[in-house]
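Trainee: Residue-level listing of the chains:
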Amino acid sequence: MLKIKDLHVSYGGIHALRGIDLEVPDGKIVTLIGANGAGKSTALRTISGLVKAESGSITYDGKELLGQPIYKILEMGIAMVPEGRRILTNLTVLENLKIGAYLRKDKAGIERDIQWVYSLFPRLQERSWQLGGTLSGGEQQMLAVGRALMSRPKLMMMDEPSLGLAPLVVRDIFEIIKEINRQGVTVLLIEQNANMALKTADYGYVLETGQITLTGTGRELLANEAVKKAYLGE
Amino acid sequence: MQTVLPYIISGISVGGQYALIAIGYTMVYGILRLINFAHGDVFMVAGLIMVYLAASLPLYVAIPLVILLTVLLGFTIERVAYKPLRTAPRMSVMISAIGVSYLLQNLALYITGGLNKNYPQIPWISDRISILGMETTRVTVITPFLTILLVVLLVLLINHTKIGMAMRAVSLDFEVSQLMGVQINTVISVTFVIGTFLAAVGSILFFTNYPGVVPTSGAMPGLKAFVAAVFGGIGSIPGAVIGAFIIGIAESIIKGLDTILIVNGAITEQIGLATFSDAFTFVLLIIILVFKPTGLFGEKTADKV
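Chains as they are written, first to last, in this note's numbering: chain A, 12 to 245; chain B, 1069 to 1373.
The set of hints was computed from the structure by calculation and includes no laboratory data. Treat the hints with care, as some may be off.
To be verified - Derived DEER-like restraints, expressed as beta-carbon distance ranges:
| # | chain 1 | residue 1 | chain 2 | residue 2 | range |
| --- | --- | --- | --- | --- | --- |
| 1 | A | LYS189 | B | LEU1225 | 40 to 50 angstroms |
| 2 | B | PRO1132 | A | ASP72 | 45 to 55 angstroms |
| 3 | A | ILE25 | B | VAL1129 | 54 to 64 angstroms |
| 4 | B | PRO1132 | A | GLY120 | 49 to 59 angstroms |
| 5 | B | LEU1175 | A | SER130 | 56 to 66 angstroms |
| 6 | B | TYR1120 | A | SER68 | 23 to 33 angstroms |
Keep in mind the model is a prediction, meaning the values are calculated, not measured. Glycine residues also receive a C-beta, built at the ideal position from the N, C-alpha and C atoms.
Could you put together the complete structure from these sequences and hints?
Mentor: Set out below in structure tokens:
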């Protein structure tokens, strides 16, 4: 379980997170919703080690993550699908998957997991020799997810996976998130598409200007008047 | 043709030496977006290390030691002068590189007193041989083959090994590479090690054909190699190599242009065209920057957003 306590982060001169508390129980899908600039990305980037925190704590299975190098956090089983997919456009699809397994040494296991990712995303297998940059937006998102899965994470964090994708593709992506979760991976998802996110998630947190203002199950938040008004456009 | 041939052969050789230096520029640029101005001076230091080591050690010990010490120097420069500036603006790193360049030149000036240091004769490779009816040194013939061999090995390393894949990933996206578990500092160090290794090999081939080493010996070959890297499209290894060969050959032909024209009866006496051989390289730089700033094989962008 991932536990965040009183986390403060300043980023680019802005006090982006002002003491947030958040829990991601094992096996669940948790979503963090909020407007642009509320600090959602900063939260994920801090967990992954890309951004340094000012104070507070982030523990995973009881171990402190703050101060750990990025690769150690990945080694503990936390992988991230970054915002905008960030496919390595100059590597082939297969290489993108292989680099997801960069820290692993078990060749046979890596080979097996490549086949596993291909079974989740058959399109990637068809395109395994193409450069990552030649894929469509939806395919790139699949590759970004597949790449993160290659480290065999226990917790997968996803930063706006639906961003810039056609509605049909967005639906696919959320189906995939559920499928991955069914296969035992805990998911921490941040989204601007609050409707889809809350329908998919077990728990939700609403982040506003660096503070958590509401929490509840996905269904509770969907029914909440304030959430409806601010994020669901009703 | 018979009169041009020797110049082409010596040009190919010089081009190979430039290529070995140019790869260091282009690889470091590819990963750090830094023009490593100290690279030419590292090349000069490699020459000086050889001078001093060969004075007291047999060559079969001195040569590997030169390569090792040069690599160590390249590694140390990166760790001391560039790594602390990883998150600083790119301009700061570049200024740091210029600082290292002057530091090396002045240290060399201090140690040598600015005097020309005779480069040791390396037996076998400095022997004079005759090829296609003309006299030259064996190193002239060996250089292009050795260069191509090293380039092929390097390309294999980059395209077919794990560290090579990491290098390609880091060159595109620091952050994502880190998220995949790549330790970028290790990858950057490996890049500097490879770059300085090639420059050290290049220095042995280069200085063997010249009388000696002075503190500014690295400046001109360094600049030429840099132009070659820009010409080929900075960041591209094949580009740098092709650029280096083109510049080497063109320079060498211009150096011999008077003789070639006299033999062909176009002119009757020396008119000093050889003076323009360096100028040619830099005119080429200007032309490239004006008309095709990305060079021959400039970074392809396959981005589809």
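Trainee: Are any of the numbered hints broken by this structure? If so, which, sorted upward?
Mentor: Those not satisfied are hints 4, 6.
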